[in-house]
Amino acid sequence: MRFRYDPEHEDLRESVRAFLTDVASESAVRRDMESDRGWSPRSWSRLCAELELPALAVPEKYGGAGGGLVELGVVLGEAGRSLLCAPLLSTGLAIQALLLTASGDEVAELAAGRRTGTLALREPGRDWDAVPRTRAVPGSNGWRITGTKNWVLDGSSADLFVVSASTPAGTSLFLVESGGGVKAEAIETVDPTRRVARVMFDAAPATLAGADGATLIPSILDTAVILLAAEQVGVAERCLEMATEYARRRIQFGRPIGSFQAVKHKLADVLLEVEAARSAALYAAYAADRGLDVAEAAAIAGATCSDAALLAAGENIQVHGGIGMTWEHPAHLYLKRATVGRMLLRHPHDHLERLLEPAGLPRTAAGERGR
Amino acid sequence: MDLDYPPQVAEFRAEVRAVLAEELPDGWAGTGAIATAEETRAFVREWRRTMYRRGLLGVAWPLEYGGRGLTMLHQVALVEELTRAGLPFGEQPADSTGVKMLGNTLLRFGTEEQKRAILPALLSGEQRWCQGFSEPGAGSDLASVTTRARLEGEEWVVDGQKTWTSGAHTATGIFALVRTDPAAPRHRGLSFLLIPLDQPGVDVRPIRHATGGTDFCEVFFDAARTPAGMIVGRPGDGWTVASVLLTFERGEEAATNPIHFRAELDRLFELARRKGRDQDPVIRQWLARARARVEVMRYLGYRILSDVMAGGELGHASSVSKLYWSEYHREVTELALDIQGLDGLALTGKEATRPLRTDDPGADPSSSRSWWNVSLNARAGTIYAGTSEIQRNILAERVLGLPREPRPGS
Ligand SMILES: Cc1cc2nc3c(=O)[nH]c(=O)nc-3n(C[C@H](O)[C@H](O)[C@H](O)COP(=O)(O)OP(=O)(O)OC[C@H]3O[C@@H](n4cnc5c(N)ncnc54)[C@H](O)[C@@H]3O)c2cc1C
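Taken in sequence, the protein lines are chains A and B. Note that the working numbering gives residue 93 to position 93 of the first sequence, counting from 1, and the numbers run on in steps of one. Note that the working numbering gives residue 383 to position 383 of the second sequence, counting from 1, and the numbers run on in steps of one.
Simulated from the structure, these hints should not be mistaken for lab results. Here the structure is a predicted model, which means the values were calculated and not measured. Misleading hints may appear alongside valid ones.
[What the hints assert, rightly or not] Reference excerpt, derived from the structure (chain A facing chain B, CB under 8 Å, subset only): (1) Asp6; (2) Arg255; (3) His265; (4) Ala280; (5) Gly360.
[To be verified] A partial selection of chain B residues facing chain A, derived with a Cβ cut-off under 10 Å: (6) Phe269; (7) His316; (8) Asn393; (9) Leu400; (10) Pro406.
[Unchecked claim] Pair ranges (Cβ atoms, derived): (11) B:Pro406 / A:Ala359: 41 to 51 Å; (12) A:Thr364 / B:Pro25: 34 to 44 Å; (13) B:Gly229 / A:Gly254: 50 to 60 Å; (14) B:Ala33 / A:Leu292: 29 to 39 Å; (15) A:Gly291 / B:Gly55: 35 to 45 Å.
Where is the CB? At the ideal position from N, CA and C, for every residue including glycine.
Given only the sequences and the hints, what does the whole structure look like? Please build it.
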C-alpha cells in the first residue's frame, strides 16, 4: 500500500521543474504566447533532446523510456505550473492514441521529437465522441479524408494528425500528414497560452491507424482527460502557492492579510480542493496504467481537477486584490488556462453525469427528453 | 505507487471472511436491515461478544495484552471486511474511545502496569472508557481546561467539570485532560489522567441530544480520586498524549469512511429512484458530485494509509480528510431531505441505529426517520474532533504556513 509518488517521480519532477524555470519562465511564456506559432521550436527541441519528454510514456521498443501516465502526469503537472507553451499535451496525446493502434513508426518519430502530432476528433458544434461527419473513402492509393475538425490542439503547427472519420464500416482512426489537402485556421480563444485550430481536410491522403474507432475513441478521450487533469493540478497548485506567498507578505491594517481568517479559510478551502484534485489525478493515472476502473477514475479526475483549477485561479486573483487584475501580473493567465481547460474535453457536468449510469442510475428516455 | 496489500494481509482477510461466513445467519443483509432498533442494539452487543470470542478485537495489539500481534494494515483489512458485510466494529461510542483511542494511546505511552490492568479489560468489554477533554469553558481552545488535579499522598484528587462526554453514562472510567500545574504556561500545565467513574466524587449527568437521545453527558468532579499511578506520561505531558490520541482515529477511518459513505450513497440513489427524482437533472448533478466526492475520499484514504504504513506521522492528508468528509456529509444529507421533499419531514420508518455518521449498511432507503437522524448527526460531524473552522485554521497555518492569529494583548 503506497499511494504516493516514488523517489524516481520526485527526481523527474525536480529536473523538469528546474528546466522549466528557464524554458517556461514568465517572460518566456509571455514571449511564446505572443509569437505566431504560440510556442518556441528552440525550447521544444531542448525539451525533446535534453529531457526526452515526448518519449517518456512510450515503450522501450519504440525508443521510449517505458513510463506510463503516472510519469507523464508528473511532467504535465509541471507544465501546468509554469504555463509552458509547447506541443507537449498535443503530441503526448497523439502518441498515446497511436500506441493503442500500434502505429510504431510514427510513434518513434513523435517520441524522438522529430515531429509533432495532435488529435483531430471534435467537429464544429458536436461532442468529442459524436459519430464523425468527416468521411474517409478508400481509393487506389490509400484513403482520402474530407471534413472539418475544430479545437485541434496546436493544429496550426502539427505535422501529424490522428483523425476520426466515418467509413462505410463505422468510425475509424486515420493518420494524416500536414500538407496537401490540409488547411488549418487558428481559433482565437480565451487562453493565449494554448493554441487551437480549426482544421479542414479536403480529400487529404490518409492511412488507416485503427479500424475500431468506437472502442478506441472513448479510451483515447479517457487518456486525454487524465493527462489534462494532471496539468490542471499543476495550475491549481501554482495558484494556491502564489496566493499563499502573497498573503504572507502583503500588509494591511498593520498585519499580513494571511493572518485574517477570511483569507486563511478561503485558502484552506482551496487547499482542500487541490488535495482532492491531486489525489484524483494520481489515482486516475495509476488506474490507467494498471487497467483498473479507468472510465470512472477519468471522469472523477476530470470534474475534480477542472473545478479545483478554476477555484484556485479565481481565489488567487481575489487574494491579490487590484494587482491580480492587471495584465502585468500572471494571475489572469492561470485563470484563462483554467477556464479553457475546464471545458476543453468535457464539461464537468458531463463528467459527473457519466458517473451515474455505471453506478446504477441510467438516464431514461423520459429523462433524456427533459434535458 | 502500489495499492495492493501484502500477501499476509490478504490471507488474514480470507480468514476474516471465513469467520464471518460461519458466524452470520443465512440471508444476512447488514445491521441496518434488522427489523427494530431494540433488536439492532441487542445484535450489536452480541456481535461484539462474538468478535471477542473469535479474537478479532485488538488484532494489532501485542499478544501479552490480549491482541494477536498483527499490523495496523491487518486491522484496516479487518474493519474493511466488517464494514463491507454491514457489521460494526464493537459498540459505540465505548469501543471508539476505549479500544481505539485509549488502547492505542496506552500502547504508546502507558506503563506496564496500566497496560496489564486496562488493555485486556477493554477487549473483554469489562472496562469502558470515555473521553473527557471538553469543558464548558474549553472546547476548540482545549488548552484552557480548568479541571484541576493535585497529588495527595498516593492519590490524585480531582475537581472541576467536563462536558459533551460521549458515553459517560455507561462508561466505567474517563480519561481526562486536567491541569496539574497552574503556574506553568497553558499547554505545559496539563496532564492525562485515568479516573474511575464509579465513586462518590464523580457525578455523571446525561445531556439530551438534539436527536432526542442521551449520547453525551456532563461529568462533575468533586474531590474525585484516582491512584497516583493512573497518570499517562509524566505530569505536564498531557497535551502531547492527547494530541497523539486524536490521530489514532484517523487511520481506520480512512479505510472505513469511504465504504460507509458509498453504501449510504447507494441508498440515496435508491431513494431517488423510489421517489421518482432520479431523472431530475439538478438532482442528478448533486448525486454525481456526491459520487465523485466519495471516491476522492477513497483516494485520500489511500494516502493516509500510506502514511500509516510508512510509520511516520500522519501527513496533512488526515486533516484534509476530516474537513472533506464532514462537509461532504452535511451536503449529502441535505440532498437526501431535498429528494424526499416535504413528505420526508413526516417521520416514518426505523430510526438510524449507528449513532454517528451514516446509518448502518442495509438500512431501509425509504426511512425518512433514518435520513433525518443522520442529517442531524452530520451537523455534529463538523463540530466534534475539531470543528471545520479549527480544521481550516490548522490547514492554513500548519500546511500553508500562513501567520497565526494575533492573540489579544500580544
Ligand atoms: C456529538 C458530539 C460528541 C462529542 N463527544 C465528545 C467527547 O466524547 N469528549 C469530549 O471531550 N468532547 C466531545 N465533544 C465536544 C467537541 O469536541 C467540542 O464540541 C468541540 O471541540 C467544539 O468545542 P465547543 O463546543 O466548546 O465550541 P466552541 O469552541 O465554543 O466553538 C463555537 C464556534 O466557534 C468557532 N470557533 C472557535 N474557535 C475558533 C477559532 N479560533 N477560529 C474560528 N472559529 C472558531 C467554532 O468553529 C464553532 O463554530 C462532542 C461534541 C459533539 C457535538
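Here is what the structure says about each hint:
1. A cut of 8 Å between beta carbons decides the hint on Asp6 (chain A): the least distance to chain B is about 6 Å, and the hint holds.
2. Taken as an interface hint, Arg255 (chain A) checks out: its beta carbon lies about 6 Å from the nearest beta carbon of chain B, inside 8 Å.
3. For His265 (chain A), the shortest C-beta to C-beta distance to chain B is roughly 4 Å, which falls under 8 Å, so the interface hint holds.
4. Evaluation of the Ala280 (chain A) hint against chain B yields a held restraint, the C-beta minimum of about 6 Å falling below 8 Å.
5. Hint status for Gly360 (chain A): holds, given a least beta-carbon distance of 6 Å to chain B, under 8 Å.
6. Interface hint status for Phe269 (chain B): upheld, as the beta-carbon distance to the closest one in chain A is roughly 5 Å, under 10 Å.
7. Proximity of His316 (chain B) to chain A holds as hinted, the smallest CB-CB distance being about 8 Å (cut-off 10 Å).
8. For Asn393 (chain B), the suggested interface contact is upheld, since its CB lies about 7 Å from the closest CB of chain A, less than 10 Å.
9. A cut of 10 Å between beta carbons decides the hint on Leu400 (chain B): the least distance to chain A is about 5 Å, and the hint holds.
10. For Pro406 (chain B), the interface hint holds, the least distance from its beta-carbon to any beta-carbon of chain A being 6 Å, beneath 10 Å.
11. Between Pro406 (chain B) and Ala359 (chain A), the C-beta spacing of about 48 Å keeps the proposed range 41 to 51 Å intact.
12. For the pair Thr364 (chain A) and Pro25 (chain B), the beta carbons lie near 37 Å from each other, so the given range of 34 to 44 Å is met.
13. Between Gly229 (chain B) and Gly254 (chain A) the beta carbon distance is about 51 Å. The supplied range of 50 to 60 Å therefore holds.
14. With their beta carbons about 30 Å apart, Ala33 (chain B) and Leu292 (chain A) fall inside the hinted range of 29 to 39 Å.
15. For Gly291 (chain A) and Gly55 (chain B), the hinted distance range of 35 to 45 Å is satisfied, since their beta carbons lie about 37 Å from each other.
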